[in-house]
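Chains as they are written, first to last, in UniProt numbering: chain F, 1 to 124; chain A, 1 to 124; chain V, 1 to 124; chain P, 1 to 124; chain R, 1 to 124; chain S, 1 to 124.
Just so you know, these hints were derived from the structure itself, not from any lab. Owing to the predicted nature of the structure, the values given are computational and were not obtained by experimental measurement. Be a bit skeptical, because a hint or two may be false.
[To be verified] Below, computed lysine-lysine pairings styled on DSS-like, alpha-carbon distance capped at 25 Å:
{"#": "1", "chain 1": "R", "residue 1": "30", "chain 2": "S", "residue 2": "90"}
{"#": "2", "chain 1": "S", "residue 1": "5", "chain 2": "F", "residue 2": "5"}
{"#": "3", "chain 1": "F", "residue 1": "27", "chain 2": "P", "residue 2": "121"}
{"#": "4", "chain 1": "A", "residue 1": "27", "chain 2": "R", "residue 2": "30"}
{"#": "5", "chain 1": "F", "residue 1": "30", "chain 2": "F", "residue 2": "5"}
{"#": "6", "chain 1": "V", "residue 1": "77", "chain 2": "F", "residue 2": "77"}
{"#": "7", "chain 1": "P", "residue 1": "30", "chain 2": "F", "residue 2": "27"}
{"#": "8", "chain 1": "V", "residue 1": "121", "chain 2": "F", "residue 2": "77"}
{"#": "9", "chain 1": "F", "residue 1": "27", "chain 2": "P", "residue 2": "27"}
{"#": "10", "chain 1": "P", "residue 1": "85", "chain 2": "V", "residue 2": "121"}
{"#": "11", "chain 1": "S", "residue 1": "90", "chain 2": "A", "residue 2": "77"}
{"#": "12", "chain 1": "V", "residue 1": "90", "chain 2": "P", "residue 2": "30"}
{"#": "13", "chain 1": "A", "residue 1": "90", "chain 2": "S", "residue 2": "27"}
{"#": "14", "chain 1": "R", "residue 1": "5", "chain 2": "A", "residue 2": "27"}
{"#": "15", "chain 1": "V", "residue 1": "5", "chain 2": "F", "residue 2": "77"}
{"#": "16", "chain 1": "A", "residue 1": "77", "chain 2": "S", "residue 2": "121"}
{"#": "17", "chain 1": "R", "residue 1": "30", "chain 2": "S", "residue 2": "121"}
{"#": "18", "chain 1": "F", "residue 1": "30", "chain 2": "P", "residue 2": "77"}
{"#": "19", "chain 1": "R", "residue 1": "30", "chain 2": "A", "residue 2": "30"}
{"#": "20", "chain 1": "R", "residue 1": "30", "chain 2": "R", "residue 2": "90"}
{"#": "21", "chain 1": "R", "residue 1": "5", "chain 2": "R", "residue 2": "30"}
{"#": "22", "chain 1": "F", "residue 1": "30", "chain 2": "P", "residue 2": "121"}
{"#": "23", "chain 1": "P", "residue 1": "90", "chain 2": "V", "residue 2": "77"}
{"#": "24", "chain 1": "R", "residue 1": "77", "chain 2": "S", "residue 2": "27"}
There are 6 protein chains.
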Amino acid sequence: MENDKRHEAGLRVMEELFPEEVRSGMKGLKNVSPDLWDMAVSFGFGDLYSRETLSLTQRELITLTTLITQGAFDQLKVHLQAALKVGLSKEQIIELIIHCTGYVGFPKAIQAMGIAGEIFKENE
Amino acid sequence: MENDKRHEAGLRVMEELFPEEVRSGMKGLKNVSPDLWDMAVSFGFGDLYSRETLSLTQRELITLTTLITQGAFDQLKVHLQAALKVGLSKEQIIELIIHCTGYVGFPKAIQAMGIAGEIFKENE
Amino acid sequence: MENDKRHEAGLRVMEELFPEEVRSGMKGLKNVSPDLWDMAVSFGFGDLYSRETLSLTQRELITLTTLITQGAFDQLKVHLQAALKVGLSKEQIIELIIHCTGYVGFPKAIQAMGIAGEIFKENE
Amino acid sequence: MENDKRHEAGLRVMEELFPEEVRSGMKGLKNVSPDLWDMAVSFGFGDLYSRETLSLTQRELITLTTLITQGAFDQLKVHLQAALKVGLSKEQIIELIIHCTGYVGFPKAIQAMGIAGEIFKENE
Amino acid sequence: MENDKRHEAGLRVMEELFPEEVRSGMKGLKNVSPDLWDMAVSFGFGDLYSRETLSLTQRELITLTTLITQGAFDQLKVHLQAALKVGLSKEQIIELIIHCTGYVGFPKAIQAMGIAGEIFKENE
Amino acid sequence: MENDKRHEAGLRVMEELFPEEVRSGMKGLKNVSPDLWDMAVSFGFGDLYSRETLSLTQRELITLTTLITQGAFDQLKVHLQAALKVGLSKEQIIELIIHCTGYVGFPKAIQAMGIAGEIFKENE
């Protein structure tokens, strides 16, 4: 795959994952560092998310889990929206957070659940 | 659910997840702390893994991801075996690790892939 | 211990640990996920904090330390209040944070001390 | 080196690293814990930053990297200002964050880049 | 306190904390970096552990907790020995690890319990 | 840059960074996952390390720091060799670890120093 195609593939996946307003918000990054923006699109979404073998809902299960584990709660907000958009239900997301409790402890799980509650409310 | 039932439910899930020799190995814990062993069975497996809404294969996607993210590579070995046992393919596990690269960086992903390679060889 | 008793035991410990307004604040969790709330009460407080062998002040020494180490500063606020309520002095809490410096580095210690300063002021 | 001299050496390095208003802001710590303040000055800046073998710009490369890796974004703001003050260019800081992407993943790198963008704007 | 005195104070605390053979083992560090060795003695043990307000048993509760939380299992071995030497019982150490489960998850707690089991056996 | 060129650029940087036997050792990864191997070469080394604005010695300062901070000690061994190969002195590496002490605490710094001591001995 050539680089233009990697970038295009990334943009296509991003459309599947994120609502328009989330994608707009992401462009603040483009102003500070067009190169990191391009890497996030071409490598993050083009090379990684565009691959086969796992579906986008499976990929979002993985993404939510790693973000909760590393305490990256700002990015968690964005990927909770993506998770809902690619078809994970509210109940499955809650269940994922409950499952994580045994692996990351209550503090991170409870903080994640609070954020999920906010995103669910915004999406009602 | 009463406590006996929580414990029984946990043991039942553990049978679905782990081969006999893995479960035997886990019992070293029981000798040091019967109470932590009971909590792992009753809460970890009984309360968490026995719940509905997510399948065991989805739960192992989550578990593998959190273990890779926190660098818990000893436990990763055990859950790679569980992942295979509940039906994730070698290709899906490799794909999960590749997906994680964008979230945890190459060092942890490469270390996880090395361990996965060992487990795959043992299971051939 | 049956499940009702685990829950009751948890609520009893929570009364010892947290002022009324803190416990009210925690109930936001109950609206998003009654199940995670129940686990936090029954397992977190009922099964863990209600045990013997370590006092509640010793348990708060442990809790504050793990929260500082993992950078869980939102939960730190809540447990700084618990620490004061179960009898740790302001001086002991400051000393704990200073001791942690050698183990977690200055950035987390300094951030924790700033938060402790705020909680001390609110409690004057 | 006697203790007075360690403290003085620390204050001298802090003048090289931080603008006056940053140093004033740091003194909130002094009110909560004069002892942790003294350790930060005498050990952190006096014993560590005053050493030879690495320049202050090299030390800030190291400091920015460890703060991004541990997700200590509040302290990152302060050291982004220090990095600029001791002579790292905006381009070098952006490059450091891009390099980190392969080691810490996109979420922390993107969050760091957003903060760097704010600091660059304040310094224009 | 002058620097010689800080170093002496550190060595005195280390004698209280660690058996002779542990202290000998630590001296490998001295060969690679005499300066880091001196900082560990003077700052780590002299400035931090020698302070008042918390007892050595309280300090070891804190140290064990931060080591388990950050997954620093090599250093955990050394401080499990120190914990026993300053008077924490086997039961209290087991209890500390159980308490941590709710905060760090089962994988780290179970790994810590395995190591504790080994240290207890060596000390029988 | 097309994908072939990204891969070639990555291989060229890897030759500058790692001795032949280290590069051979890395190829174990290629057998488990040729795709992750290609990403490590093309993205990790081709896209990231081949960029300008920071020298390879500056990039190794950054890499060593993030590896120490996240406790990735296996990968640390490999990059200690790279650091020496691109021209960092033994003294500078020791100094980097000492500087990190204030940011990551003594346990990780001391473990890193022990590993550095082994690598230095092998390279004598």
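Hint check:
Under the criterion of a C-alpha separation no larger than 25 Å, the hint pairing residue 30 of chain R with residue 90 of chain S is consistent with the structure, at around 15 Å. A C-alpha spacing of about 15 Å is found between residue 5 of chain S and residue 5 of chain F, which places the hinted pair at or below 25 Å, so the restraint holds. The suggested pairing of residue 27 of chain F with residue 121 of chain P holds, with an alpha-carbon distance near 16 Å, which does not exceed 25 Å. Among the hinted pairs, residue 27 of chain A with residue 30 of chain R is inconsistent with the structure: their alpha-carbon atoms are about 40 Å apart, more than 25 Å.
Our distance criterion of 25 Å between C-alpha atoms is met by residue 30 of chain F and residue 5 of chain F, whose separation comes to about 19 Å. With a C-alpha separation of about 22 Å, the suggested pairing of residue 77 of chain V with residue 77 of chain F holds against the 25 Å cut-off. Under the criterion of a C-alpha separation no larger than 25 Å, the hint pairing residue 30 of chain P with residue 27 of chain F is inconsistent with the structure, at around 40 Å. Annotation: proposed proximity of residue 121 of chain V to residue 77 of chain F is violated, straight-line Cα distance about 32 Å (limit 25 Å).
The straight-line distance between the Cα atoms of residue 27 of chain F and residue 27 of chain P is roughly 36 Å, outside the 25 Å bound, and the hint therefore fails. For the given pair, residue 85 of chain P sits about 34 Å from residue 121 of chain V by alpha-carbon distance, which is inconsistent with the 25 Å threshold. For the hint pairing residue 90 of chain S with residue 77 of chain A, the CA-to-CA distance comes to about 36 Å; that exceeds 25 Å, so the pair is violated. A distance of roughly 15 Å separates the Cα atoms of residue 90 of chain V and residue 30 of chain P; the hinted pair therefore holds under the 25 Å criterion.
Restraint check: the Cα-Cα separation between residue 90 of chain A and residue 27 of chain S comes to about 19 Å, which is no more than 25 Å; the hinted pair holds. With a C-alpha separation of about 49 Å, the suggested pair residue 5 of chain R and residue 27 of chain A falls outside the 25 Å cut-off, and the hint is violated. For the hint linking residue 5 of chain V to residue 77 of chain F, the alpha-carbon distance of about 36 Å lies beyond 25 Å, and the restraint is violated. Straight-line distance between C-alpha atoms of residue 77 of chain A and residue 121 of chain S comes to about 32 Å, which puts the hinted pair past the 25 Å bound.
For the hint linking residue 30 of chain R to residue 121 of chain S, the alpha-carbon distance of about 15 Å falls within 25 Å, and the restraint holds. Distance restraint check for residue 30 of chain F and residue 77 of chain P: the Cα-Cα separation of roughly 20 Å lies within the 25 Å cut-off, and the hinted pair is therefore satisfied. Distance hint between residue 30 of chain R and residue 30 of chain A is unfulfilled; the C-alpha atoms sit about 39 Å from each other, more than 25 Å. Of the supplied pair hints, the one linking residue 30 of chain R and residue 90 of chain R is violated, its CA atoms being roughly 31 Å apart against a limit of 25 Å.
Among the hinted pairs, residue 5 of chain R with residue 30 of chain R is consistent with the structure: their alpha-carbon atoms are about 19 Å apart, no more than 25 Å. A distance of roughly 15 Å separates the Cα atoms of residue 30 of chain F and residue 121 of chain P; the hinted pair therefore holds under the 25 Å criterion. Restraint check for residue 90 of chain P and residue 77 of chain V: the C-alpha separation of about 36 Å exceeds 25 Å, so the hint is violated. Annotation: proposed proximity of residue 77 of chain R to residue 27 of chain S is violated, straight-line Cα distance about 34 Å (limit 25 Å).
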